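S.K.: Residue strings, one per chain:
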Amino acid sequence: KAGVTQTPRYLIKTRGQQVTLSCSPISGHRSVSWYQQTPGQGLQFLFEYFSETQRNKGNFPGRFSGRQFSNSRSEMNVSTLELGDSALYLCASSLSTSNYGYTFGSGTRLTVV
Amino acid sequence: KNEVEQSPQNLTAQEGEFITINCSYSVGISALHWLQQHPGGGIVSLFMLSSGKKKHGRLIATINIQEKHSSLHITASHPRDSAVYICAVRPNTDKLIFGTGTRLQVFP
Numbered sequence: 001k002a003g004v005t006q007t008p009r010y011l012i013k014t015r016g017q018q019v020t021l022s023c024s025p026i027s028g029h030r031s032v033s034w035y036q037q038t039p040g041q042g043l044q045f046l047f048e049y050f051s052e053t054q055r056n057k058g059n060f061p062g063r064f065s066g067r068q069f070s071n072s073r074s075e076m077n078v079s080t081l082e083l084g085d086s087a088l089y090l091c092a093s094s095l096s097t098s099n100y101g102y103t104f105g106s107g108t109r110l111t112v113v
Numbered sequence: 114k115n116e117v118e119q120s121p122q123n124l125t126a127q128e129g130e131f132i133t134i135n136c137s138y139s140v141g142i143s144a145l146h147w148l149q150q151h152p153g154g155g156i157v158s159l160f161m162l163s164s165g166k167k168k169h170g171r172l173i174a175t176i177n178i179q180e181k182h183s184s185l186h187i188t189a190s191h192p193r194d195s196a197v198y199i200c201a202v203r204p205n206t207d208k209l210i211f212g213t214g215t216r217l218q219v220f221p
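Chains U and X supply the protein sequences, listed in that same order. Quick note: the working numbering has the first sequence finishing at residue 113, numbered continuously throughout. Quick note: the working numbering has the second sequence finishing at residue 221, numbered continuously throughout.
Quick caveat, the hints were computed from the structure, so don't treat them as lab data. From a predicted model like this one, the values you see are computed outputs, not experimental measurements. Built from N, CA and C at the ideal position, the CB exists for glycine as well. Possibly wrong hints are sitting among the right ones.
Going by beta-carbon spacing under 7 Å, a handful of chain U positions derived as facing chain X [stated by the list, open to error]:
hint, residue
1, Y10
2, G40
3, F45
4, N59
5, L88
6, S96
7, G101
8, Y102
9, G107
10, L110
11, T111
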């Protein structure tokens, strides 16, 4: 079966722009979570969605937002990009929100210049 | 102090050696995950544990809930095991918290 698909794989944006990243979960998985990975901070939780509802949110500014659609696909948006937003953005899907294994996508590498 | 501590940060081994990576955490959890990340970024989930021990091939993961400690063991290590191994815990608040990772290099 198809894995978790993240698009695009690579992205270069200019400071001040906004960006939308997409994540298609494994068929049947209803939970999607997003993570930011940087060399300095490591992996950090952004948010988690289940059945189109945000269940948890990490400690990120309001410029970071997301949503989940009825088919469980999820998008995250970052507005007013800053240089420090350059990172690998990973999403993961699971059957539900608690005590299920995760399947990760390959990530979107965002570079802000 | 980080809520999830991993040791060692870096590990070098010769092919065939037995490897142990440790993870200690300070919060109550509902599950602990071991993840593997290869260069290029892709992450693979190796284990999810809430108690006891799990084994998959040459990989073994154990957890001691009372001591808030988990270990990942690799038997008969191979160069293809070279990767970053990340411990992540799911506290009862449901947000995953990650350790900083252990970079493993296995030489032939």
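S.K.: Determine for every hint whether it applies to the structure shown.
M.R.: A quick look at each hint next to the structure:
1. Y10: Hint violated; Y10(U) Cβ to chain X Cβ min 11 Å, cut 7 Å.
2. G40: 11 Å, violated
3. F45: 5 Å, holds
4. N59: N59(U) check fails; min Cβ-Cβ to chain X is 9 Å, beyond 7 Å.
5. L88: This interface hint holds because 5 Å falls under the 7 Å limit.
6. S96: Hint on S96(U): violated, closest Cβ of chain X at ~11 Å, above 7 Å.
7. G101: Result: holds, 5 Å to nearest chain X Cβ.
8. Y102: 5 Å, holds
9. G107: At 5 Å from the nearest chain X Cβ, G107(U) passes the 7 Å test, so the hint holds.
10. L110: Cβ of L110(U) sits 12 Å from chain X, so the hint is violated.
11. T111: Constraint on T111(U) not satisfied, violated at 13 Å.
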